[in-house]
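*Asks:* Chains as they are written, first to last, in our numbering: chain A, 1 to 161; chain B, 1 to 282.
Hints in this document: simulated from the structure, not taken from any laboratory.
Where is the CB? At the ideal position from N, CA and C, for every residue including glycine.
Do not take every clue at face value.
What the hints assert, rightly or not - FRET-style restraints, in silico, Cβ to Cβ:
#, chain 1, residue 1, chain 2, residue 2, range
1, B, A223, A, A67, 50 to 58 Å
2, B, K229, A, T84, 54 to 62 Å
3, A, G9, B, A181, 29 to 37 Å
Unchecked claim - A partial selection of chain A residues facing chain B, derived with a Cβ cut-off under 8 Å:
#, residue
4, P18
5, R19
6, V38
7, G42
8, F43
9, V54
10, L61
11, G64
12, R65
13, S108
14, T129
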Amino acid sequence: MVLTLMINGDPVPYHGDPRRSLLEVLRDDLHLTGAKDVCGEGFCGACIVQIDGVPKVSCLLPVGRLAGAEITTIEGVSNSETLTAVQKAFLEYDVVQCGMCFPGMVLSMTHFMAENPSPTRAELKSAMTGNICRCTGYERIIDALLSLGSNGLGPVEEVRP
Amino acid sequence: MEIPQQSLISVTRVSQALDLLTRLGETATVMAGGTWVMREARERTFISLAEIPDLTDITLDDQVLVVGAMATHQDICNAVIGAPDLAALATAAGKSATPAIRRMATLGGNLCTRDFHSADLAPALLALNAKVTLETSSGRETLSLEDYLNTPVDRPHILHHVTVPRTSRRSAHVRLMQRQAGDYPLAVVSLSAAIHPDGTLHDLRIAVGSVEERARRWHALEALCDDQKMTSDSIRAHAAARASQDFVGRDAVDGQGWYRLRVLPALVAQAVSDISLTAQGA
Numbered sequence: 001m002v003l004t005l006m007i008n009g010d011p012v013p014y015h016g017d018p019r020r021s022l023l024e025v026l027r028d029d030l031h032l033t034g035a036k037d038v039c040g041e042g043f044c045g046a047c048i049v050q051i052d053g054v055p056k057v058s059c060l061l062p063v064g065r066l067a068g069a070e071i072t073t074i075e076g077v078s079n080s081e082t083l084t085a086v087q088k089a090f091l092e093y094d095v096v097q098c099g100m101c102f103p104g105m106v107l108s109m110t111h112f113m114a115e116n117p118s119p120t121r122a123e124l125k126s127a128m129t130g131n132i133c134r135c136t137g138y139e140r141i142i143d144a145l146l147s148l149g150s151n152g153l154g155p156v157e158e159v160r161p
Numbered sequence: 001m002e003i004p005q006q007s008l009i010s011v012t013r014v015s016q017a018l019d020l021l022t023r024l025g026e027t028a029t030v031m032a033g034g035t036w037v038m039r040e041a042r043e044r045t046f047i048s049l050a051e052i053p054d055l056t057d058i059t060l061d062d063q064v065l066v067v068g069a070m071a072t073h074q075d076i077c078n079a080v081i082g083a084p085d086l087a088a089l090a091t092a093a094g095k096s097a098t099p100a101i102r103r104m105a106t107l108g109g110n111l112c113t114r115d116f117h118s119a120d121l122a123p124a125l126l127a128l129n130a131k132v133t134l135e136t137s138s139g140r141e142t143l144s145l146e147d148y149l150n151t152p153v154d155r156p157h158i159l160h161h162v163t164v165p166r167t168s169r170r171s172a173h174v175r176l177m178q179r180q181a182g183d184y185p186l187a188v189v190s191l192s193a194a195i196h197p198d199g200t201l202h203d204l205r206i207a208v209g210s211v212e213e214r215a216r217r218w219h220a221l222e223a224l225c226d227d228q229k230m231t232s233d234s235i236r237a238h239a240a241a242r243a244s245q246d247f248v249g250r251d252a253v254d255g256q257g258w259y260r261l262r263v264l265p266a267l268v269a270q271a272v273s274d275i276s277l278t279a280q281g282a
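Next comes chain A alone, as it looks inside the complex (with noise of 0.2 Å):
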């Protein structure tokens, strides 16, 4: 199959199985290895991307499904001069560890940060179902994000269940 990916703004022509999952097309051919290759069962979130803004496992995506979508990798959420608020809040918080988790923490809390801009802390731990920190970082991954705050204006007020 031939068909035309649309990867971190640009078009990118993909010529083979279109059951091949988006996250081996992304790491072996095209060296995006950003996406971790972990579960390879859609457990771990190592591998998330954001399919037209939308948080998904990139192991259970086969490419075939996937012409006309923007696709977004951890390479293409920000520019090597900036970085978004949640990169600069982990860097902020040293949440990153060994960094296997960290590309999936960063697309799925981005998307869930930006439609729950007050979380509390148990909603962030229920939003991060799915993305596995081995490191068991946790805590300070949800520190970094509850200092977001509201549209980015200070901190929130920590609700603990």
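Using the hints, position chain B against chain A.
*Replies:* Using the frame of chain A, we list chain B on its own:
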């Protein structure tokens, strides 16, 4: 219809999918959200239903809920959240798997993937007395979800939509996992009933998922408890007495069969507690 020589075929009509399924047989598989076939069936030809109009439609009114087979778990949760009679479905759709999977996995995939034993939507819809409508080469057929799950339809078919009658009742969906979230449930109980002011449960329906290979109704427990005043403690006792007679627990890597049976009474009790609390406006 000429069969395209490719390994993923997107169809725009159900009739095209049926035609391909008939011609390709076991070498092809229907692809809905893809969350199962991408793991288990990569060698087959994918027949993608994603471009068929109407299959993602959800309609909800006072009488009935109709959900297209390609509606995702997230779509379903968004549509039914807040409806007391459909609370079991809202929980099943809104708590299963992970947020990213819920945006991809569909109703049709959840009900039709027979190798997946931990579906959440199946027990919830059994407890809500759902019917399924299938498209076959001989036309459209509607049957109860219970019959559909109990008796595999061997001939080529596409599950088109599910219909749930709306009634003045309460429902709950209780699932046990090893972790708080993100796992397959070890056992699931979905329950719905009309609750009389004196605490009597009327027209009780209980469904059990994840314990055996397929979700099914717990008719023996329903018969014992229907039209009776039931507390969470009394129904727990009935469930404990019946569980090992009525189910054969499934051994799997996430849990042993005996354990799935052992926890069932507590899940039933929790479900009754949940519907009693919502009936009291809690």
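*Asks:* Could you see if the CB distance from A223/B to A67/A stays within 50 to 58 Å?
*Replies:* holds (54 Å)
*Asks:* Mind checking the hinted window 54 to 62 Å against the Cβ distance between K229/B and T84/A?
*Replies:* Holds - the Cβ-Cβ distance for K229/B and T84/A, about 57 Å, lies within 54 to 62 Å.
*Asks:* Go through the hint on L61/A and say holds or violated, using the shortest Cβ distance to chain B against 8 Å.
*Replies:* holds (7 Å)
*Asks:* Using Cβ atoms only, decide whether G42/A comes closer than 8 Å to chain B, and label the hint accordingly.
*Replies:* holds (5 Å)
*Asks:* Report holds or violated for the interface hint on P18/A, using the least CB-CB distance to chain B and a cut-off of 8 Å.
*Replies:* holds (4 Å)
*Asks:* For the hint on V38/A, does the least C-beta distance to chain B fall short of 8 Å?
*Replies:* The hint is violated - V38/A has no Cβ within 8 Å of chain B, the shortest such distance being about 13 Å.
*Asks:* Taking 8 Å as the limit, does the beta-carbon of S108/A come near enough to a beta-carbon in chain B?
*Replies:* holds (7 Å)
*Asks:* Can R19/A be said to touch chain B, with a Cβ gap under 8 Å?
*Replies:* holds (5 Å)
*Asks:* Hey, does the F43/A contact hint survive, CB to chain B under 8 Å?
*Replies:* holds (7 Å)
*Asks:* Next item in the hint list is G64/A. Is there a CB on chain B closer than 8 Å to its CB?
*Replies:* Cβ of G64/A sits 4 Å from chain B, so the hint holds.
*Asks:* Grab the minimum C-beta distance from V54/A to chain B and call the hint holds if it beats 8 Å, violated otherwise.
*Replies:* This hint holds: V54/A lies near chain B, its Cβ roughly 6 Å from the closest one there, short of 8 Å.
*Asks:* Was the hint right that T129/A lines chain B, CB cutoff 8 Å?
*Replies:* Holds, because the Cβ-Cβ distance from T129/A to chain B comes to roughly 4 Å (cut-off 8 Å).
The structure fails to meet hint 6 from the earlier list, while all remaining hints are met.
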